[in-house]
Amino acid sequence: DVKVTQSSRYLVKRTGEKVFLECVQDMDHENMFWYRQDPGLGLRLIYFSYDVKMKEKGDIPEGYSVSREKKERFSLILESASTNQTSMYLCASNDGKSPSYEQYFGPGTRLTVT
Amino acid sequence: KQEVTQIPAALSVPEGENLVLNCSFTDSAIYNLQWFRQDPGKGLTSLLLIQSSQREQTSGRLNASLDKSSGRSTLYIAASQPGDSATYLCAAPNYGGATNKLIFGTGTLLAVQP
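Chains A and B are the protein sequences, given in the same order. In terms of my numbering, the first sequence opens at residue 1 and continues consecutively. In terms of my numbering, the second sequence opens at residue 1 and continues consecutively.
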């Protein structure tokens, strides 16, 4: 079974702090994704990566950056956390060679910025 | 740009009923559509993925159909159980391509009453 893990289930940070959210997948997937989920807005794509050191902006990249130094690990970075970044963050991955491109999700990180 | 809509936003049924959840999408040039389940405060669990060449996909009591010409997909749940209570999300690709960036509906919150 595909396993996607995220470093924290719950995280509380102060405004202005630098925040790192880590995601690891164990299925050698090429593609990895970071989403945020907010009530009434659904899931929105922040960034995705289609290979090591390769990344593309999603729909809402402002205030975020990402890092993918190894194929299995994709990090989301909040350079200076703000209260409007309080949200549920979800990581996903899929196999870029597969004809189905089915996405697999991690358990999520609930981030609160105070 | 792809838009995905789910109706109804919430649904409450007595245990044992058969039910249908609806998903509409605007860009019919998709090559798959994915249904997910999300329990409160948790990540997304993939339920079914339907390829564009398929019309239906089944897993246990779940059956998903896809009609690209009308821009619709349905998730049928037979003999509902309290354990089926969750939010159900559908997602369609924003455009074709290896990364398969998904656009999500805002979900249907299902409550199955014992």
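Do not take every clue at face value.
Claimed, not checked - Here are the simulated EDC-like cross-link-like pairs (lysine to aspartate or glutamate), alpha carbons at most 16 Å apart as the crow flies: (1) B:K101 <-> A:E17; (2) B:K101 <-> A:D51; (3) B:K101 <-> A:D26; (4) B:K42 <-> A:D95.
As the list claims (entries may be wrong) - The following label-pair restraints were derived from C-beta to C-beta distances: (5) B:S28 <-> A:G40: 38 to 44 Å; (6) A:E22 <-> B:K1: 18 to 24 Å; (7) B:R61 <-> A:R73: 32 to 38 Å.
Worth flagging that the hints you see were computed from the coordinates, not collected in a lab. Just so you know, even glycine gets a beta-carbon here, dropped at the ideal spot from N, CA and C.
So, going through the hints one by one against the coordinates:
| no. | hint | result |
| --- | --- | --- |
| 1 | B:K101 <-> A:E17 | violated, 30 Å |
| 2 | B:K101 <-> A:D51 | holds, 15 Å |
| 3 | B:K101 <-> A:D26 | violated, 20 Å |
| 4 | B:K42 <-> A:D95 | violated, 23 Å |
| 5 | B:S28 <-> A:G40: 38 to 44 Å | violated, 26 Å |
| 6 | A:E22 <-> B:K1: 18 to 24 Å | violated, 30 Å |
| 7 | B:R61 <-> A:R73: 32 to 38 Å | holds, 37 Å |
In terms of the numbered hints stated before, the structure departs from hints 1, 3, 4, 5 and 6, listed from lowest to highest.
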